[in-house]
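From just these sequences and the hints, can you work out the full model?
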Amino acid sequence: MKPYIPWLLALASLAMAQQGSEKKKDAPPPEPEPLFQKKLGYKSSKTTKESTTLGFNGIDPSGKVDQKMLATTPTAADQANVKKMSDNRPTDADLKAFVKEGGLNAK
Amino acid sequence: MKRALTILTLTAASAFLVNAQFGGVFNKAKEKMDAAKQKAKPVSDRAERVAENYTAWTPQEEQEIGEATAAKMIAMFGIIETPQLARYVNLVGQSVAQYAPRQIPYRFGILDSEIVGAFALPGGFIFITKTALEGMANEAQLAGALGHEIVHVSERHLEAAIRSKKNSSWAVEEAKAKTSSAAPEVLRRRADAFLTEMFNMRLSRDKEDGADERGTLMAAQAGYAANGLLEFLRTLAVVQAKPENQRALGQLLSTHPPFDERVNHLAPIVEKSDKSGKTLEARFRSTVK
Chain A
42 MKPYIPWLLA LASLAMAQQG SEKKKDAPPP EPEPLFQKKL GYKSSKTTKE STTLGFNGID
102 PSGKVDQKML ATTPTAADQA NVKKMSDNRP TDADLKAFVK EGGLNAK
Chain B
2 MKRALTILTL TAASAFLVNA QFGGVFNKAK EKMDAAKQKA KPVSDRAERV AENYTAWTPQ
62 EEQEIGEATA AKMIAMFGII ETPQLARYVN LVGQSVAQYA PRQIPYRFGI LDSEIVGAFA
122 LPGGFIFITK TALEGMANEA QLAGALGHEI VHVSERHLEA AIRSKKNSSW AVEEAKAKTS
182 SAAPEVLRRR ADAFLTEMFN MRLSRDKEDG ADERGTLMAA QAGYAANGLL EFLRTLAVVQ
242 AKPENQRALG QLLSTHPPFD ERVNHLAPIV EKSDKSGKTL EARFRSTVK
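From first to last, the protein sequence lines are chains A and B.
The numbering of the first sequence is this note's numbering, which starts it at 42 and goes up by one.
The numbering of the second sequence is this note's numbering, which starts it at 2 and goes up by one.
Bear in mind the hints are in silico, worked out from the structure with no lab data behind them.
Among the hints, erroneous ones may be present.
[Stated by the list, open to error] Anything over 10 Å on all C-beta distances counts as not near chain A; from chain B, calculated: (1) Arg103; (2) Glu174; (3) Met202; (4) Leu218; (5) Arg235; (6) Pro258; (7) Pro259; (8) Phe260.
[As the list claims (entries may be wrong)] With a Cα cut of at most 30 Å, we get these calculated DSS-like pairs of lysine-lysine: (9) A:Lys137 with B:Lys279; (10) B:Lys273 with A:Lys137; (11) B:Lys243 with A:Lys79; (12) B:Lys276 with A:Lys148; (13) A:Lys84 with A:Lys105; (14) B:Lys276 with A:Lys137; (15) A:Lys141 with B:Lys290; (16) B:Lys166 with A:Lys105; (17) A:Lys80 with B:Lys279; (18) B:Lys273 with A:Lys141; (19) A:Lys109 with B:Lys166; (20) B:Lys290 with A:Lys84; (21) B:Lys208 with A:Lys148; (22) A:Lys124 with B:Lys290.
[Stated by the list, open to error] The calculated label-pair distances, taken between Cβ atoms and stated as ranges, are: (23) A:Ser54 with B:Val239: 46 to 56 Å; (24) A:Pro47 with B:Gln247: 47 to 57 Å; (25) A:Ala121 with B:Ala172: 30 to 40 Å; (26) B:Asp275 with A:Gln108: 40 to 50 Å; (27) A:Ala51 with B:Val239: 48 to 58 Å; (28) A:Asp101 with B:Asp275: 40 to 50 Å; (29) A:Ala147 with B:Glu282: 15 to 25 Å; (30) A:Lys141 with B:Thr59: 29 to 39 Å; (31) B:Thr83 with A:Thr116: 14 to 24 Å; (32) A:Asp107 with B:Pro185: 20 to 30 Å.
All C-beta atoms in this analysis are idealised placements derived from N, C-alpha and C, irrespective of residue type, glycine included.
Shown next, in the form of structure tokens:
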């Protein structure tokens, strides 16, 4: 066996170890533990705008909304969603049916 | 008979004389006690009373500020667009809001946020976070939480508190707005200032207790079990014990009284309430899943 082969093998394994640790650094942070057991399946304006979930982005470790988040500027799509909130108001007939179905008090 | 009449007349005359002599003293003592009680109220309470004397926003101003603020909230957090879920939260909210003392077009949305919270904005825009929904067990809990927010909007709590703060970002914007003519820019800045205050402001204790109490009663009036909000607060008090939940609950705790204190205030009120209300757990579980 050539005398330099063990040195080459050692260098190769060092390079592989280095690559592995870099991969670890690039890995996304783990998902936060869910607060409650239930997780809603839903479609969100945020996830349609961005490919990744934002999780706790914009919330500092103490739970307060941070300044960067407060500087967000609404887009036309956000304005449209406000209008949609108004459009989502149920009609009197829908509300009556919902109240009746639940056995709630009719006004 | 004559003797009885004389005794009665003498008694009445004595009572009149005593009142004339000491009545002023009694009244002054009462006035002093009232003044002391007033002084003992928190400063924030007094500030809010001053604010309540302000001219309230016109319906149009309230609506415009509400729309601008709602757009910013949606930009910050994102809104849940699943139609069935959005419609359901609106129906529950409207079932309660029809009993609100101030009738304006209330609208409800779900924010896509990992924090537990609900927010009452001007003009009837009310948001609850998806994480808050995930922690609820039934429709009565949702109705109670929305009831709390409806009271804040109906009674203009935030408007009064924010406008009473001297040197606040809102006060600066109100002053600037008087000299500016670019309406969209003014509205954008007003929304910024309103939310900056909202996320950092703690309403007075009586406003928060009042919102818990009247929100609960409003939900019960609509036909929901009166213990909805109380049970949800109990759930939050339990999860709060885990330090890893601080981030999800921090915003709510920084602007509201501690959960156990809210539970202690609300429990006797719920105890006295009608027990025939509905929890509607099955309907809730079939939609919030």
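Checklist entry - Between Pro47 (chain A) and Gln247 (chain B), is the Cβ distance one that fits in 47 to 57 Å? => result 53 Å, holds
Item to check | Interface-negative label, Pro259 (chain B) against chain A, beta-carbon threshold 10 Å | outcome: 14 Å, holds
Item to check | Arg103 (chain B) remote from chain A - nearest C-beta pair above 10 Å | outcome: 16 Å, holds
Checklist entry - CA of Lys84 (chain A) to CA of Lys105 (chain A), is that 30 Å or under? => result Roughly 25 Å separates the two Cα atoms, so the pair holds.
Checklist entry - Given the hinted pair Lys166 (chain B) and Lys105 (chain A), is their alpha-carbon gap at most 30 Å? => result 21 Å, holds
Checklist entry - In terms of Cβ atoms, is chain A entirely out of 10 Å range of Leu218 (chain B)? => result The claim holds: Leu218 (chain B) sits with its nearest Cβ about 13 Å from chain A, beyond 10 Å.
Item to check | Val239 (chain B) and Ala51 (chain A) - C-beta distance against the hinted 48 to 58 Å | outcome: 55 Å, holds
Next on the checklist: Need the status of pair Lys124 (chain A), Lys290 (chain B): alpha-carbon distance at most 30 Å?
Outcome noted: Status holds; Cα separation ~26 Å.
Checklist entry - When you check the alpha-carbon spacing of Lys276 (chain B) and Lys148 (chain A), does it fall within 30 Å? => result 19 Å, holds
Item to check | Interface-negative label, Glu174 (chain B) against chain A, beta-carbon threshold 10 Å | outcome: Consistent with the label, Glu174 (chain B) stays out of reach of chain A, its closest Cβ about 14 Å off (over 10 Å).
Next on the checklist: Between the beta carbons of Ala147 (chain A) and Glu282 (chain B), is the distance compatible with 15 to 25 Å?
Outcome noted: For Ala147 (chain A) and Glu282 (chain B) the Cβ distance comes to about 21 Å; the hint holds.
Checklist entry - Within 29 to 39 Å or not, the Cβ separation of Lys141 (chain A) and Thr59 (chain B)? => result About 37 Å separates the Cβ atoms of Lys141 (chain A) and Thr59 (chain B), which means 29 to 39 Å holds.
The structure agrees with every numbered hint stated previously.
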